[in-house]
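Protein chains in written order, with the working numbering: chain B, 1 to 212; chain U, 1 to 468.
Simulated from the structure, these hints should not be mistaken for laboratory data. Misleading hints may appear alongside valid ones.
[As the list claims (entries may be wrong)] Computed list of lysine-lysine pairs in DSBU-like fashion (alpha-carbon distance at most 30 Å, straight line):
(1) Lys423/U to Lys31/B
(2) Lys166/B to Lys276/U
(3) Lys239/U to Lys8/U
(4) Lys166/B to Lys35/B
(5) Lys35/B to Lys184/B
(6) Lys247/U to Lys423/U
(7) Lys8/U to Lys166/B
(8) Lys373/U to Lys239/U
(9) Lys247/U to Lys31/B
(10) Lys163/U to Lys166/B
(11) Lys184/B to Lys162/U
(12) Lys89/U to Lys198/B
(13) Lys198/B to Lys260/U
(14) Lys198/B to Lys373/U
(15) Lys31/B to Lys89/U
(16) Lys163/U to Lys184/B
(17) Lys31/B to Lys81/U
(18) Lys260/U to Lys163/U
(19) Lys247/U to Lys198/B
(20) Lys89/U to Lys247/U
(21) Lys89/U to Lys35/B
(22) Lys198/B to Lys8/U
(23) Lys373/U to Lys184/B
(24) Lys166/B to Lys165/U
(25) Lys35/B to Lys162/U
(26) Lys184/B to Lys81/U
(27) Lys423/U to Lys81/U
(28) Lys8/U to Lys247/U
(29) Lys198/B to Lys81/U
(30) Lys35/B to Lys247/U
(31) Lys239/U to Lys276/U
On a predicted model such as this, the values are computed, not experimentally measured, just so you know.
Take a look at the letters that make up each chain.
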Amino acid sequence: MTPFITHTGVAAALLRTNIDTDAIIPSREMKLVSKQGLGEGLFAGWRYTQVGGREPNPDFILNQSAYQGTSILLAGKNFGCGSSREHAVWALAEYGIRAIIAPSFGAIFYGNCIRNGILPLSLPDEVIAAMAAQIQDPQQHQIRIDLAHRQVIGVDGTVYEFVIAKACQHMLLDGLDQIGLTLKRADSIAAFESDYQKRRHWLFELPTDVAG
Amino acid sequence: MAQTLFDKLWADHEVTVLEDSLSLLYIDRIFLHERTGSVALESLVAAGRPVLNPEKVFCSMDHIVDTHSGRTDETLVPSGKQFIQSTRKASQAAGIRLFDIDDPMQGIVHVISPELGIVQPGCTLICPDSHTCSQGALGALAWGVGSSEAEHALATNTLVVKKPKTMRVNLTGVLEPGVTAKDVILQLIAQYGAAGGTGYAIEFAGEVIDAMGIEARLTLCNMAVEFSAFTALIAPDHKTLDYIEGKPYAPQGDSWLQAKQHWDTLFSDHDARFDKELSLDCSQLAPVVSWGTSPQHSCAVTGTVPVMPEQSASSDQSSYQRAYQYMDLQPGQALTSLVIDAAFIGSCTNSRISDLREAAAILRGRKVAAGVKAICVPGSKAVKRVAEAEGLDQIFIAAGFEWREPGCSMCFFAGGENFGFQKRVISSTNRNFEGRQGPETRTHLASPVTVAASAIAGRIADPRDYLP
């Protein structure tokens, strides 16, 4: 996984509450059993003029010339709510998004971001509104994020502190593979399991002959 | 120390405490489906990591399978066949019990898992599907995850989880005839917002829960994710035990007695403290229908499209404006004035036998209004068999409904079948997001009885006017 340490990039504002994962990647754009090939489908319903088409909708912010190469999104509350599809995060990553700044996130989406090197960063609504107002100037829409120091530096140099769980911060800073980390605990998991199986043995007595 | 039900389940599965309120939790059951499970299985194989305990892993074909009779692997969903066939291959290679298209137990994950006794009180169950929270209705700790987390659970039998806060939602009063679990959850989300449950594991309690059957409880918990909750839970009671006893995967003999002994301890202690408590008086509740593009855009069927609340954040305002525009509505319009093009009964929210019985009671002897496309998709083969044995299929068909094979069907648009451009649909599903049921399709969420009544009326209708 690509580590996230510091990042400076073009920010675009999609200030709407409850932007769901169906909007981020419509199911019809999940065409392959793969984590790849999803960037083109990102925000397809808003980004293109027609369903399934690829003609850019000029009204959509990411299609505007000033916002080419956007790598930071500013959004409303509850970004990434809805379906658990990790394809939403894979699509964002493939498009080049490194961080999303919103007042809150869908819980499954948040976890998916951490596991794919995207920083979901929470700041209050009014701070995001102020940042969004600043990046409307097409000459000045670069925001800097320093994850180690948990700071966002706005266009005008204002520093905003943010909070993130230490474990999530480490995962992103070090680009860690969670499965690899957990497998190192295989012994303690096995020890737990042997005790647990005695306590809750019925959960381990699964019939294998349940046929239709 | 007094514990909530959630605390008890958490403690029982905690392998070790990590940093920052993260814990490594032991996972008892993993369910997969062909839409997101296939990529998890393939990715695991690519990483050279085996499925640790395949006997605890189940998989259903539900999301993109065709729902017409005589179906095969072919589906209208572009490359759907690839998802189906790669899931079959990967499941067989891993030794996972697959409920395949032709299996008599096939159906929607959150319908068949309870129906077969795979989910049980006190167990942990995960699935790369956001509506896994449904299964908390049986007193299990069940929640939706991403594909990477599913891989983690498959490879390690555990997940790293941040401990959510606890919330109890007390549902008081008695539901009037024609008012259902669906109306309760839509009302809760309308009242507290689609982010109202962010960061919480919710326990539903109160007299409304005591009076509810298991299937209605599954409907209620199903939409906890639409409230942005980590998951929902209901303490098991005698109804839960009666429901589970004798199911194919339920404990038997002495094990049943020992399981039951444990399950009897699964409740929140009377002096347990929750981080938050909400209360909803349901005695005055009318049937609820969504008007906009988030489940929080919902109001009484007798009501009108609301005016945007003053003093809301600019991001909320833009979401209201966009919803009016997308749904082609004006504030002040009566919901019952809205003419519909289609009616859909199905999905993990409302496709169980009790849903079909209630809808059929309204449809009996009546006809769907001219021009309305009406479809019923039972949640599982088992539900379909019982419905057909009771003659419900004949009631649906005589009324003008299509009667389909089980699957998630038109709850969501995956590039195949859909309700059409800008069509207005009343739907027993869980999401009214933009484009969810088709390109610019306008979805109104409602209970199966409201859908049935509206199908007859040809416009959104109050089911209380149609009760038998």
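Structure-based check of each hint:
1. Of the pairs offered as hints, the one joining Lys423/U and Lys31/B holds, with about 25 Å between alpha carbons and a cut-off of 30 Å not exceeded.
2. With a C-alpha separation of about 25 Å, the suggested pair Lys166/B and Lys276/U falls inside the 30 Å cut-off, and the hint holds.
3. Between Lys239/U and Lys8/U the alpha-carbon distance is near 21 Å, which keeps this suggested pair within the 30 Å criterion.
4. Using a Cα cut-off of 30 Å, the hinted pair Lys166/B and Lys35/B holds, with the two alpha carbons roughly 27 Å apart.
5. Taking the CA atoms of Lys35/B and Lys184/B, the gap is about 26 Å. The hint holds against a cut of 30 Å.
6. Only pairs whose Cα atoms come within 30 Å are accepted, and Lys247/U paired with Lys423/U is rejected, the gap being roughly 41 Å.
7. As the CA atoms of Lys8/U and Lys166/B are separated by approximately 26 Å, the hinted pair is consistent with the 30 Å bound.
8. Between Lys373/U and Lys239/U, the direct Cα distance comes to roughly 37 Å. Violation of the 30 Å bound is thereby established for this hinted pair.
9. Taking the CA atoms of Lys247/U and Lys31/B, the gap is near 37 Å; set against the 30 Å cutoff, the hint is violated.
10. Only pairs whose Cα atoms come within 30 Å are accepted, and Lys163/U paired with Lys166/B is accepted, the gap being roughly 14 Å.
11. About 19 Å separates the Cα atoms of Lys184/B and Lys162/U, which keeps this hinted pair within 30 Å; it holds.
12. At most 30 Å may separate the alpha-carbon atoms for a hinted pair to count; Lys89/U and Lys198/B exceed this at roughly 34 Å.
13. Among the hinted pairs, Lys198/B with Lys260/U is consistent with the structure: their alpha-carbon atoms are about 15 Å apart, no more than 30 Å.
14. Restraint check for Lys198/B and Lys373/U: the C-alpha separation of about 54 Å exceeds 30 Å, so the hint is violated.
15. With a C-alpha separation of about 18 Å, the suggested pairing of Lys31/B with Lys89/U holds against the 30 Å cut-off.
16. Using a Cα cut-off of 30 Å, the hinted pair Lys163/U and Lys184/B holds, with the two alpha carbons roughly 22 Å apart.
17. At roughly 10 Å between alpha-carbon atoms, Lys31/B and Lys81/U fall within 30 Å of each other, so this suggested pair holds.
18. In summary, the hint linking Lys260/U to Lys163/U is supported, as the alpha carbons are separated by about 27 Å, within the 30 Å threshold.
19. Taking the CA atoms of Lys247/U and Lys198/B, the gap is near 23 Å; set against the 30 Å cutoff, the hint holds.
20. The straight-line distance between the Cα atoms of Lys89/U and Lys247/U is roughly 28 Å, inside the 30 Å bound, and the hint therefore holds.
21. Our distance criterion of 30 Å between C-alpha atoms is met by Lys89/U and Lys35/B, whose separation comes to about 18 Å.
22. With a C-alpha separation of about 18 Å, the suggested pairing of Lys198/B with Lys8/U holds against the 30 Å cut-off.
23. Between the alpha carbons of Lys373/U and Lys184/B the distance comes to roughly 55 Å, so the proposed pair goes past 30 Å and is violated.
24. Taking the CA atoms of Lys166/B and Lys165/U, the gap is about 18 Å. The hint holds against a cut of 30 Å.
25. In summary, the hint linking Lys35/B to Lys162/U is supported, as the alpha carbons are separated by about 25 Å, within the 30 Å threshold.
26. Between Lys184/B and Lys81/U the alpha-carbon distance is near 38 Å, which puts this suggested pair outside the 30 Å criterion.
27. Simply put, Lys423/U and Lys81/U have alpha-carbon atoms about 27 Å apart, close enough for the 30 Å limit, and the pair holds.
28. Restraint check: the Cα-Cα separation between Lys8/U and Lys247/U comes to about 25 Å, which is no more than 30 Å; the hinted pair holds.
29. Between Lys198/B and Lys81/U the alpha-carbon distance is near 43 Å, which puts this suggested pair outside the 30 Å criterion.
30. Note on Lys35/B and Lys247/U: the hinted pairing is violated, with a Cα-Cα distance of about 37 Å set against a maximum of 30 Å.
31. Restraint check for Lys239/U and Lys276/U: the C-alpha separation of about 27 Å stays at or below 30 Å, so the hint holds.
Checked against the numbered hints given earlier, the structure breaks hints 6, 8, 9, 12, 14, 23, 26, 29, 30 and satisfies all the rest.
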